[in-house]
Amino acid sequence: MKPRVILAIATVCLGLIIAAVPSDTTKPFKLTASQLLEEVNTRTQFIAPETVADMIVKKDPSLRLIDVRGKDEYDKYHLTDALNIPLTDLLSEEYTDVLDQEIKMNVFYSNGSLQANEAWLITRQMGYQNNYVLEGGLNYWFDAIMNPQKPSSTSPDEEFAKYDFARSASQALGGGSIITTVSNSGKLPIKPVITGKPKKKKVAGGC
Amino acid sequence: MGPLAVNEIISENTNFLLAFIIGIGFGFVLEQSGFSSSRKLAGVFYGYDTVVMKVFFTGAITAMIGLLFFSLFDWVDLSLVYVNPNYLYSAIVGGVVMGAGFIMGGFCPGTSFCGAAIGKIDAMVFVAGLFIGVFGFSISFDWWKELYYAAFKGSPKMSEALGITDGLFALLLIVVASWMFWAAEWAEKKFPQQEY
Numbered sequence: 650m651k652p653r654v655i656l657a658i659a660t661v662c663l664g665l666i667i668a669a670v671p672s673d674t675t676k677p678f679k680l681t682a683s684q685l686l687e688e689v690n691t692r693t694q695f696i697a698p699e700t701v702a703d704m705i706v707k708k709d710p711s712l713r714l715i716d717v718r719g720k721d722e723y724d725k726y727h728l729t730d731a732l733n734i735p736l737t738d739l740l741s742e743e744y745t746d747v748l749d750q751e752i753k754m755n756v757f758y759s760n761g762s763l764q765a766n767e768a769w770l771i772t773r774q775m776g777y778q779n780n781y782v783l784e785g786g787l788n789y790w791f792d793a794i795m796n797p798q799k800p801s802s803t804s805p806d807e808e809f810a811k812y813d814f815a816r817s818a819s820q821a822l823g824g825g826s827i828i829t830t831v832s833n834s835g836k837l838p839i840k841p842v843i844t845g846k847p848k849k850k851k852v853a854g855g856c
Numbered sequence: 053m054g055p056l057a058v059n060e061i062i063s064e065n066t067n068f069l070l071a072f073i074i075g076i077g078f079g080f081v082l083e084q085s086g087f088s089s090s091r092k093l094a095g096v097f098y099g100y101d102t103v104v105m106k107v108f109f110t111g112a113i114t115a116m117i118g119l120l121f122f123s124l125f126d127w128v129d130l131s132l133v134y135v136n137p138n139y140l141y142s143a144i145v146g147g148v149v150m151g152a153g154f155i156m157g158g159f160c161p162g163t164s165f166c167g168a169a170i171g172k173i174d175a176m177v178f179v180a181g182l183f184i185g186v187f188g189f190s191i192s193f194d195w196w197k198e199l200y201y202a203a204f205k206g207s208p209k210m211s212e213a214l215g216i217t218d219g220l221f222a223l224l225l226i227v228v229a230s231w232m233f234w235a236a237e238w239a240e241k242k243f244p245q246q247e248y
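Residue numbers (the numbering used here), protein chains in the order written: chain A, 650 to 856; chain B, 53 to 248.
By construction, these hints were calculated from the structure, which means they are not laboratory data.
Some clues are possibly wrong.
Here are the simulated distance ranges between beta carbons [stated by the list, open to error]: (1) B:Pro137 x A:Glu687: 25 to 33 angstroms; (2) B:Gly77 x A:Thr737: 51 to 59 angstroms; (3) A:Ile771 x B:Pro55: 25 to 33 angstroms; (4) B:Pro55 x A:Ser802: 55 to 63 angstroms; (5) A:Ile771 x B:Phe187: 46 to 54 angstroms; (6) A:Val670 x B:Phe72: 50 to 58 angstroms; (7) A:Ser817 x B:Gly146: 54 to 62 angstroms; (8) A:Ser817 x B:Val186: 53 to 61 angstroms; (9) B:Phe72 x A:Gln684: 25 to 33 angstroms; (10) A:Lys679 x B:Ala213: 20 to 28 angstroms; (11) B:Gln245 x A:Val654: 51 to 59 angstroms; (12) B:Thr114 x A:Val670: 33 to 41 angstroms.
We put the beta carbon where it would ideally sit given N, CA and C, even for glycine.
Chain A extracted, bound-state conformation:
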C-alpha cells in the first residue's frame, strides 16, 4: 500500500475517534478547582460597599445589582434598581443572558455575603465573567453606608473622608428615612453634631 493511502486511512481513523467523543462532557466546569481557589484567595470578587454606593449615586449605567435572596425578602427591602434572582433560580435559563454577559458589572448581594458568594462561585464555575459580590452584604451596607459610625477623634483623615462620603451617599440614596424607622429617633439630633467634629479634626491634622 502507498504511504499516502496509509496516512489517509490513519487520518480518517483519528477523525472517527474525535467524532465519537462528546466534546462537552469532558469539561463540566470552565474553571478547575485550583483556578477557582486562586480567585477565591485573591478575593477579587468582592466590591466594597463604598464603591457600589458611589456608582449608584453617580447613576453608573454599567452597574447591575442582583438580589439573590428570596422574593419575600426582596419585596420587603432591596437596593435601588436591584434585580431579584433568588439563589434557587440561579441556573434557570431566563437569567442566563443576565449572568453570562460582557457589558454590565453584576453585583450580587444577600443579607450577609454568604449567599451572594455562593451565587458568584456557581456562576464563576460556569465560566461567566463580570459577576461580583457586595462585600459584607446588606448588613454591612447598613453599617457602612446607611448608618455610618463617626470615627473616633484619633482616627486618621481617611476615616473621616470615608464617613463624610457615607453620610452624603446615604442621604442621596434616601437612607435617612430608613435609619429613622429602623433606629430610634434620638439618633438624628446627634448627627449634626458629628458633622462639626471632622472640621475640628482637620485643624488638628494641619498642626
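Let chain A serve as the given structure and place chain B on it in line with the hints.
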C-alpha cells in the same frame, strides 16, 4: 494549560520568538514543496498541478485534529483560541480580489515572500504590488468602511452553523478532503502539463 501566551505561561516576547521560528519553518516547507514557483501555484486553477490545494488542506486537517485532541486531553482551551471575526461581504469581496490576484500573479501573499527570498523577479514585483495594495486600502479605507463592516457574523464556526459537534465536522472535512485529493489527482492526469 494552553494557549501558552494567553495563559501567560510564556511571555509575549517568547511568543514572538516562537512565531519567528515557526515562520521560518513555514517558509522552508513552502520552498521545499515548490511553492516559490508561480507556475505551480497557478496550476491549481487550471488543474494540472493541485499540490497547493493538497498541502493547504493537509495543513488545515493536521492542525484541526491536533487542536481537537489537545482539547480532549485538556492541553488547550479552545474557547481561548482566537477565531477570526466574520464580516460576510468583506470575506466575499476579499476572496474574489485575492483569487483574481492569485491567478494573475501566480502567488499568494506568503509564497510571494518565499519566491522573493530565492530571487524570483516576478515574486518581487508581486510583493511590491502587495504593498501598494495595502497602502492604497489604508488610505482609501473611509470609502470602503461601510462595506468592510457590513453583515458582521461574529466568530462563527462551521460546526455551530451546521448544528453538529466539532468532532463530527472534523470527520466530515477529512472525508471530503480525502475525496478531493483523489479528484485532484484524477484532474492532474486529465490535464497534464509538461514538467518545468
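TODO: Report the numbers of all earlier hints that the structure fails to satisfy, in ascending order.
DONE: Violated: hints 6, 11, 12.
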